[in-house]
Amino acid sequence: MNLKRYDNSSRPNFLIRFLFSSAIIILFTSCTPARFSIYSRPGGSEVYLDNQFVARTVNEVTPVKIEVQGGEHSIRVLREGFNPWERTVKAIINRDVPVMADLAPIPPQPPYIPIGSMEIHTRQNGVRLYLNEKIIGSTKQDGTPVAISDMSPGTYFVKAEKDGYEAIEERYSVFANQTTRVNISLVPMKPYYCYPNNDDLLRQTTIRTVRGIANLPGMRSNKSIAVVNLSGDGDDSLRALVEDAIIAELASKGRVVAEREDHLLVRIANEAARGDSITLDLLTSHGGRERPFLYDARMKTFSDAAMMVTENKDGVTNQMLIRDLSNPPEAKIPSADQILGYKIVEKTLRVDLSEQPQDNEKMLRRESIMRLYVRLIDARTGVVQWAERFEASLVDRVPQRIYRWLENPPTRYYAYDLNKQTPDDDSNLSSDSLATISILAPADLERMKDRDALFWYYRNIGESYLRAGRFDDAIRLLGEAIILRPDDYEAKMFYADAKLKSGDLNGANKAYLDAFRTLTKSQ
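Taking numbering that gives the first Met the number 0, the leading residue of the sequence shown gets 0, the next gets one more, and so forth.
Derived from the structure by calculation, the hints contain no laboratory data. Bear in mind the structure is a predicted one, so any value in this text is a computation, not a measurement. Glycine included, C-beta positions come from ideal geometry on N, C-alpha and C. Heads up, none of these hints are tricks.
Quick list of simulated restraints, FRET-style, between CB atoms:
#1 P83 to Y111: 19 to 25 Å
#2 R219 to R516: 47 to 53 Å
#3 E345 to N459: 25 to 31 Å
Capping the alpha-carbon separation at 16 Å, the derived lysine to aspartate or glutamate pairs in EDC-like fashion look like this:
#4 K520 to D487
#5 K189 to E160
#6 K361 to D395
#7 K500 to D199
#8 K520 to E489
#9 K89 to E71
#10 K158 to E118
#11 K89 to E66
#12 K158 to E132
Starting from the given sequences, assemble the full structure and let the hints guide the process.
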């Protein structure tokens, strides 16, 4: 068998051929490119290859073609308003590798707004707080403020309210990155005695009503004037109030006021009864030129032949005696030069709800109305010299929460009986100058000791001054009455009222306490 013999001399040639072939293959491979086709959504995005800007996509369907060497490359795609897109992609020789960059839009960010805060401190605890009309809470007893955070800079309205205090509302500004500190101190609401009660409102209305009454035509300054009630009825305290106002107005203009009707009646009754304790009818009549205005006292029942009277005889009190009254006692006392007769036509108090935007609490509107018919009469001839109507009204507003004390004052012993009906009957006021007016005026004719008489003088005149608003005179006279009778509760209450109305709060407080002690002691 013939075998071909290998020739070792050919080995170098083989090695040369192998190396040459490998070099050719490597050279061929390195010269063959890889390609990326880069698409972007949306179009118009910037394309970066290995952190180097390459190109910008035209639209979403036309790619950016890039020839690269084989291997991994970093591709990044950017566009304003979108999140960056970045990937590592492997390039393959002789292949076109598509790359789809789908950019996600950046969500819209709210604009940056600087914020501030507020702390609200109140002197009182339990204060309800409102911010722009919305309640935000109440202050605590430990003084912890109410804090409000995340507030936009600007102006805010803070309102604070608490029962028994005046509500307040103020405007405050909040600034960026700052805390606005608010300090609030509420003012207690005014108590009832800071407002005129219904009696005071009526008194003020009456004083306003009689203004100018001293200037009636025919009224002479050198003649005495008696004030007489023409209607013969009505509330005694209201009549006294009207007469006090009339007398004060006349006296302020220099008129000579002789007496008021009540004083005349008591004087006549005492003269007619001759000191006995009996009840009389007092007839006020005018009979023309021959018999001008006279006050006549008559027994209440003329048919009685005798009347039981009470006397203190032989040290035995309340002994009943029989007195022969077959001839009724009479007394005739001429009146003053002129008669100023009045009739209360209307006394009205209207109370209604009154709401206004600026009110911090519910308010009531009070309207007091007074109307008088007035006649000036010549007492010697009975001729009506002038007739006039006087009227006035006063309006105010008071909190509803205190009205029950204004209607029935707890520190007021007396109150006028105000009816809310407007009387329309004026039949008692005759247009005839020769009118006869009868009034029933029971009088207690029991004689008093001089000390008692002096006490009642001081007490009654002091009360009249109190109603007329002459508080200093009232304090002086009522003080004299209290000296005479230290245990009289009513006099002390009137004295305390006069102190309060004059503005002496400390003195009024002491006087009220003294009156209450007297009342407790008497019980």
